[in-house]
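There are 2 protein chains.
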Amino acid sequence: MPASPTEADFAAWMGSIQTRVEGALARSLPGPQHAPARLHQAMRYAALEGGKRVRPLLTFAAGELVGADPARLDIAACAVEMIHAYSLVHDDLPCMDDDVLRRGKPTVHVEYDEATALLVGDALQALAFQLLAENTLADTAVIQLEMLRTLAIASGSRGMAGGQAIDLEATGKTFSQPELEFMHVRKTGALISAAVKLGALCAGPCPAALEQYGRRVGLAFQIVDDVLDMEASTATLGKTAGKDSKQGKPTYVSAMGVARARQIAEELRRDAHAALDTLDTFDKLGQRTQRLRQLADFIVLRRF
Amino acid sequence: MPASPTEADFAAWMGSIQTRVEGALARSLPGPQHAPARLHQAMRYAALEGGKRVRPLLTFAAGELVGADPARLDIAACAVEMIHAYSLVHDDLPCMDDDVLRRGKPTVHVEYDEATALLVGDALQALAFQLLAENTLADTAVIQLEMLRTLAIASGSRGMAGGQAIDLEATGKTFSQPELEFMHVRKTGALISAAVKLGALCAGPCPAALEQYGRRVGLAFQIVDDVLDMEASTATLGKTAGKDSKQGKPTYVSAMGVARARQIAEELRRDAHAALDTLDTFDKLGQRTQRLRQLADFIVLRRF
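From first to last, the protein sequence lines stand for chains F and R. Going by our numbering, the first sequence opens with residue 186, and the numbers climb by one from there. Going by our numbering, the second sequence opens with residue 186, and the numbers climb by one from there.
Keep in mind the hints are simulated off the structure, nothing from the lab. You may find that some hints are simply not true.
Because identical chains share one entry, a pair is satisfied inside a single copy or across any pair of copies.
[Said to hold, decoys possible] Once the Cα atoms are required to be at most 20 Å apart in a straight line, the calculated EDC-like pairs of lysine to aspartate or glutamate come out as:
no., residue 1, residue 2
1, K290, E451
2, K358, D298
3, K434, D298
4, K434, D462
5, K237, E192
6, K434, E299
Assemble the whole structure, with the sequences as input and the hints as a guide.
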């Protein structure tokens, strides 16, 4: 089926941001020749040429909506993506998910070694905060501190790391929907929300509607991940499929089945759109929020 | 031998700061009852009741010198100490030093498990940056961003994590003195320097003399660690002694012997004092810089 003009336009936009962010990451990461060279090479291996860059796409879509400087968005997007990349490296370690494949390549501890993978994650996290601290990214230093606070909370024990800890203890348990939501909002939702918020903060205070949008899309993302983990093949995912169910982890699918999980994701997609409606008050065509709407659709309707 | 009045005064000051920082850490860490409870308990296990608090002592000594608000110093000291605590948790993991004892207690991965220890370190790092971002710690937000930048660089691939990476690859190698210095300045020196600088930044721009002092004391600290690792017993150190030599790691001791290593540390101690002289121009008794001088002596002359 040929893509519609809108779909083709969205695909072109995605491609241009992905290319742009790849370049920004390559420039933001220490050069592979600088000592300690092996660590820097491994950091680049972990962060470059990887994934769909969903978080950077959200940062750019939110930032473009409020008229943020693309040079600022480059840095904000890199910081969020480095946190994401570090979390993948640590999650793949033998003491966590013990995974050998990520984005179709050997995981960092397989390609290098476990100790290096540990340090790659640690150093990528530090670099994310360094980037937010050393570049001018907002109209005031106070707003920039808010960017740092946002990313730190999203990454820490009440955000992503906390979600991972809940996930660790979840094996073999049955979770209620509120418990699943509590875990998913932290494990994945927090950083996705932060990606949206950081994009907005590059141009000024973040509208409440964008925070709502981020929370809904963030939760939807992880629910769809649960569904895809059950349905997709390893080849399509680029990572080991079906792991959660094999490990006896509670997911939206194990708790309520694929159909109901997809339905909840669909409701969140509609709610995410609804949050954007208020931002379109003076723009009845909704063109300002178009990219964020397309990304919500992409996240929920994706097949990989 | 009874302590001199000056020694007793220094010991009392150290004790008061250590008690103060313990309280600040206890308040800054998420409560052990908050979800995810096990992660938060493990973070508290890793960061509380531990060590000599050398970095917080340096933050307070530098801050008191320039008249910084103690409430600000509490937070800056906590941030630095959380980075230090996280680095110990990760260093002790089986894939790194594989150590079972730290500060006289089982290491975090022994007391909890490896995956939790990994997340404890990750979350402590994020919390350190959160603390620096969400509290008012400097006279301007711009200076506060400089605090964040300083801590991030000190922690990352060109600071502490980078030093660890060099240390990993060093096993079985012989290092020249410049190579040893390159490693030590990163592995330990960077965070010690940052501790001094953050204390000063709480009251304004950091004097260059304090940066010099920090670099010298930071390098001296690691050289003395090398000496103590060779000389001390496990009981005295509270951690496994003699590990570096058993692992064939190059140290100042393996490269040049105990006597020469001690001599270099002593030279650095004197150079650290000399850096402070310029700050005493208007205070011939040197009382303003007294604590930093005492700390330099303490770091180099300690026996544990």
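Tested hints:
{"no.": "1", "hint": "K290 with E451", "verdict": "neither (31 Å within a copy, 50 Å between copies)"}
{"no.": "2", "hint": "K358 with D298", "verdict": "between (32 Å within a copy, 19 Å between copies)"}
{"no.": "3", "hint": "K434 with D298", "verdict": "between (27 Å within a copy, 18 Å between copies)"}
{"no.": "4", "hint": "K434 with D462", "verdict": "neither (36 Å within a copy, 62 Å between copies)"}
{"no.": "5", "hint": "K237 with E192", "verdict": "within (16 Å within a copy, 61 Å between copies)"}
{"no.": "6", "hint": "K434 with E299", "verdict": "between (24 Å within a copy, 19 Å between copies)"}
Violated hints, listed in ascending order, are 1 and 4; each of the other numbered hints is respected by the structure.
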